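Please work from the sequences and hints to get the whole structure.
With this note's numbering applied, the sequence shown has no gaps in its numbers, which climb one by one up to 150 at the end.
Note that these hints are calculated values from the structure, not bench results.
This one's a predicted model, so the numbers in the text were calculated from it and none came from an experiment.
Any given hint could turn out to be false.
The following label-pair restraints were derived from C-beta to C-beta distances [unchecked claim]:
1) LEU28 / GLN113: 33 to 41 angstroms
2) TYR21 / ARG73: 40 to 48 angstroms
3) PRO85 / ILE22: 40 to 48 angstroms
4) PRO82 / PRO142: 23 to 31 angstroms
5) VAL121 / LEU26: 49 to 57 angstroms
6) GLY104 / TYR21: 41 to 49 angstroms
7) VAL24 / THR90: 38 to 46 angstroms
8) ASP87 / ILE31: 13 to 21 angstroms
9) GLU102 / ASN17: 42 to 50 angstroms
10) LEU26 / SER71: 38 to 46 angstroms
11) ASN116 / ASP84: 19 to 27 angstroms
12) ARG73 / LEU26: 17 to 25 angstroms
13) ALA141 / GLY79: 23 to 31 angstroms
14) ILE31 / ARG10: 34 to 42 angstroms
Just so you know, even glycine gets a beta-carbon here, dropped at the ideal spot from N, CA and C.
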Amino acid sequence: MPAVNRGGRRRLMGEINVVPYIDVMLVLLIIFMITAPLLTQGIKVNLPKAAAEPLTPQRNQEPLVLSIDASGRLYMNVGAHPRDPIDDETVLVRATVALRREPGRPVLVNADQSINYGRVVQAMTLLQQAGAAEVGFETEAPAPVAPGAR
1 MPAVNRGGRR RLMGEINVVP YIDVMLVLLI IFMITAPLLT QGIKVNLPKA AAEPLTPQRN
61 QEPLVLSIDA SGRLYMNVGA HPRDPIDDET VLVRATVALR REPGRPVLVN ADQSINYGRV
121 VQAMTLLQQA GAAEVGFETE APAPVAPGAR
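Pasting the structure below:
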């Protein structure tokens, strides 16, 4: 019940009700906890190890990533279902559309180390046909060698 002054006027309450803010915060927390694992990109592959320098990101553009799993199936991080395998024609169409929209977009191949080299070359050829001027490879850094160990 609000306090009343002598003149019959209501006095303003100087407190903030934080319960609705806590409810909103908890709902947002739940939403982020559910969607965060879904935002991880790409397909699980066992990358080859190489001591290569990382590429410098260009203008905050998300790279076009073509993944090749150990079975030789292709996946691309564009399209409605990036976790579904696609055929070579679909790769060509999706890459062409993506590179026409953003010609300077970086293009990466994310291939499993056990995959046949010929399959990687086929995938790179598709990307070049789509208009990719440069194609990079994703690798893992090799494990550091302990001093004196050989």
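Going through the hints against the structure:
About 40 angstroms separates the C-beta atoms of LEU28 and GLN113, a value consistent with the hinted range of 33 to 41 angstroms. Taking 40 to 48 angstroms as the suggested C-beta distance range, the pair TYR21 and ARG73 conforms, at roughly 47 angstroms. Here the CB-CB span from PRO85 to ILE22 is close to 44 angstroms, well matched to the stated 40 to 48 angstroms. Between PRO82 and PRO142 the C-beta distance comes to about 29 angstroms, which sits within the given range of 23 to 31 angstroms.
In this structure, VAL121 and LEU26 meet the distance hint of 49 to 57 angstroms, their C-beta atoms being roughly 51 angstroms apart. For GLY104 and TYR21, the Cβ-Cβ distance of about 43 angstroms falls inside the hinted range of 41 to 49 angstroms, so the restraint holds. Distance hint check for VAL24 and THR90: the Cβ-Cβ separation is about 41 angstroms, which falls inside the suggested range of 38 to 46 angstroms. The hint said 13 to 21 angstroms for the Cβ distance between ASP87 and ILE31, and at roughly 35 angstroms that hint is violated.
Against the hinted window of 42 to 50 angstroms, the Cβ-Cβ separation of GLU102 and ASN17 comes to about 47 angstroms, which satisfies the hint. At about 42 angstroms, the CB distance of LEU26 to SER71 agrees with the hint of 38 to 46 angstroms. Range check, ASN116 to ASP84: Cβ separation about 22 angstroms, and the 19 to 27 angstroms hint holds. Separated by about 40 angstroms at the C-beta atoms, ARG73 and LEU26 break the suggested range of 17 to 25 angstroms.
The beta-carbon spacing between ALA141 and GLY79, approximately 30 angstroms, falls within the hinted interval of 23 to 31 angstroms. For the hinted restraint 34 to 42 angstroms between ILE31 and ARG10, the CB-CB distance of approximately 39 angstroms keeps it satisfied.
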